[in-house]
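As they're listed, the protein sequences go chains A and B. Once you know that position 145 of the first sequence is 145 in this note's numbering, the rest is easy, because the numbers rise by one and skip nothing. Once you know that position 502 of the second sequence is 502 in this note's numbering, the rest is easy, because the numbers rise by one and skip nothing.
Source of the hints: derived by calculation from the structure; they are not laboratory data. One or more hints might be untrue.
Stated by the list, open to error - With the C-beta cut set under 7 Å, the calculated list includes, among others, these residues of chain A facing chain B: (1) Asp139; (2) Leu183; (3) Asn186.
Using N, Cα and C, we set each Cβ at its ideal position, and we do this for glycine too.
So the chains spell out like this:
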Amino acid sequence: MRRPVVLAAIALLVAAGAWMLVTGLLRWSGQPVAEAPPETPAPAPAPAAGERRIKATLYFISEDGMSLVGTQRDVPFGESVLEQARHIVEAQIGPAPEPLASAVPPGTTLRDVFLTDRGDAFVDLSAEARTGHTGGALDELFTVYAIVDALTVNLPAITRVQILVDGREVDTLAGHVDLRHPLQKNLEWVRTDKDEP
Amino acid sequence: MNGRRLRAHAAAAAVLVIVAAGPLLGAQTPPTGAPYTVFSREGRRPLPARVIGGQEMFALDDLVRLFDLVVREDALAGGLTVTAGTQTIVLTPGQGLASVGGRLISLPAAPMREGRTWFVPVDFVNRALGPALGTRLELRKPSRLLLVGEIRVPRVAGSVESLGALVRLRLDVSPATPHVVSQDGSRLLVRFEADSLDAILPASTSPDVIRAVRPGEDASIVVDLGPRFSSFRASDAPADRGAGRIVIDVMAETTPAPPTPEPAVDPPPLLDLTPAGGLRTVVIDAGHGGEEEGARGPDGTLEKDVTLGVARRLKGALESRLGMRVILTRDSDQTVGLDERAAVANNNKADLFISLHANASVRPSATGAEVFYLSLADYGDQGERAARGESERLPVFGGGARDIEVILWEMAQARYIEESAVFAQLVETALRARVPMSPRAIQQAPFRVLVGANMPAVLVEMGFITNPDQERQLASDTFQTSFVQALVDGIVRYRDARSGAPAGSAASASARPGGPGGRPPR
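Work out the full structure: start from the sequences and follow the hints.
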């Protein structure tokens with residue numbers, strides 16, 4: 001009884017993965033391209049890569065401090081999923097548009113992003129992500145899910161995200177949110193009503 | 001405590017009037033199979049229920065018609081897929097679980113089939129269907145009601161008491177509902193801003209002053225006055241758990257009316273000697289400590305000091321008032337690892353684990369307490385497998401294969417999610433009665449300190465230490481005492497619900513999880 005369920009689930013996952021890969025590539029490149037695995041960069045001609053920009057949804061803390069708010073921001077175009085992921089995280093940990101506040105402690109920088117074939121992204125942040133944190137559980141959830149959601153929402157090829165600090169796995173950023181595993185997209189912390197600034 | 005005693009009292013002495021429909025409120029009703037009344041903006045419709053294998057069930061076909069669902073049977077996997085609006089609910093025969101848009105919820109029984117008809121436990125409606133449809137579906141088993149959408153049917157429980165020259169009518173209204181009390185000749189009218197009432201009204205003990213208390217038209221209650229009526233005075237008092245209390249003092253003639261005492265709200269009993277009901281050991285975790293200071297307030301108050309202060313008080317209260325064994329994960333300013341904290345609870349075979357914290361926000365205005373329990377969704381497949389208690393067939397030494405449970409010890413909490421949710425809900429309602437709550441009062445999150453706990457576990461954020469007002473509160477004796485009292489209330493309610501305490505007292509607590517306010521979000 002369980003075997004068929006498992007097989008069906010695997011088949012479904014593979015299909016969903018393939019679909020997400022395709023739509024993901026379409027979305028970040030902004031034009032129809034042939035299916036390509038993340039390690040093979042899309043054959044986009046790309047003028048000066050620095051000049052092309054795409055729209056991405058980034059997440060910042062609302063005015064009342066009680067939720068994240070998704071907002072469209074311009075980020076530099078990336079030639080590959082990996083490069084695009086770096087641009088998105090860099091924009092995400094950067095300053096927030098008024099009147100929102102950044103969910104990532106000030107001074108935090110991106111050390112690197114790694115991708116696995118399974119769609120897991122590892123985001124390596126500098127030590128400020130821990131040392132500069134307010135220490136609140138809610139703020140910690142916002143820090144973590146701003147990054148997790150920015151990647152998984154904008155790049156469907158990425159399904160899970162694990163945050164590292166200074167190149168190492170960490171238990172938590174501020175003593176609450178379990179960071180020992182890659183985390184999935186979770187829009188629970190994002191306010192959904194019509195409140196885009 | 002108060003409301004409970006009152007309800008038991010009312011149930012015993014009451015003439016029963018349930019305006020909407022149904023039998024006795026208050027008792028933990030066994031499954032009856034009597035039909036429910038579906039009450040929505042569109043009107044009322046009956047919904048038959050059946051008892052199968054000791055469980056009350058609805059026919060899935062009836063729900064399909066009522067809520068416009070699409071049901072697909074998956075012949076290959078043997079599952080049932082219910083499409084509700086844009087969300088999908090997956091049911092698996094033989095499993096008391098449903099996946100709602102990928103989120104796992106538990107059901108008291110597995111879906112069952114009779115001939116061509118599928119039956120689902122009645123709780124499917126509020127636990128799975130409501131969240132999937134994004135609509136409030138409130139199931140009131142005692143009064144056989146299913147409330148759909150923003151329909152207001154407050155519960156009203158009344159009692160009449162003779163106090164010398166005055167007769168006091170108390171109406172406990174849950175949730176608190178705006179109302180007007182007016183006199184209309186020889187009767188008093190209590191009109192509620194609601195669609196209907198779910199009321200148990202008392203018989204009068206002084207018919208010469210109050211002849212009867214009965215339901216009126218729409219959402220109102222009529223108090224028929226007796227020949228000795230001279231005047232009345234109505235006042236409102238907040239009651240426990242977001243409920244309201246209307247106190248109507250009716251003065252009798254001839255005797256000069258004595259000064260009306262303030263509506264008495266009994267103080268909570270100092271000593272509760274009911275048996276511990278299976279709750280023997282509680283582990284309290286004072287968040288952070290030592291080098292790990294946690295959050296810091298604008299005036300320098302440290303989270304680690306506040307949590308230790310409240311933990312010590314709570315330990316004292318639980319030991320002296322409930323006779324429980326209480327262990328603190330730290331009793332001084334020391335650094336304790338997150339794994340060690342859950343390990344203290346596991347090694348002591350604790351029945352409950354409560355982690356105390358103070359919140360912090362980049363926004364100084366953020367305020368209020370929050371209760372968290374673990375979310376499994378964030379752990380992906382691993383969490384879902386752990387929740388299902390799935391075993392795997394593995395080869396064993398010496399040949400052959402055996403079903404072996406492969407739940408990681410690290411995910412011990414997975415089996416207690418449902419109980420933790422119940423406990424979190426009870427703590428949240430108890431807190432709400434005494435301290436300011438955040439708009440996100442009850443939530444699920446992948447918290448490291450909870451995931452390894454092998455018992456029901458919650459994490460309580462007592463307030464925002466980054467808010468200057470709350471910082472002062474958190475450090476104050478008054479606030480800490482109220483907070484501890486609220487936690488004790490929550491623990492007592494959980495104990496009562498868990499031990500199947502006597503009808504009157506258990507009903508209020510055990511009715512909660514599926515009751516008003518619905519399921520905790522997410």
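Broken hints, by number: Nothing - there is no hint that the structure violates, so all of them hold.
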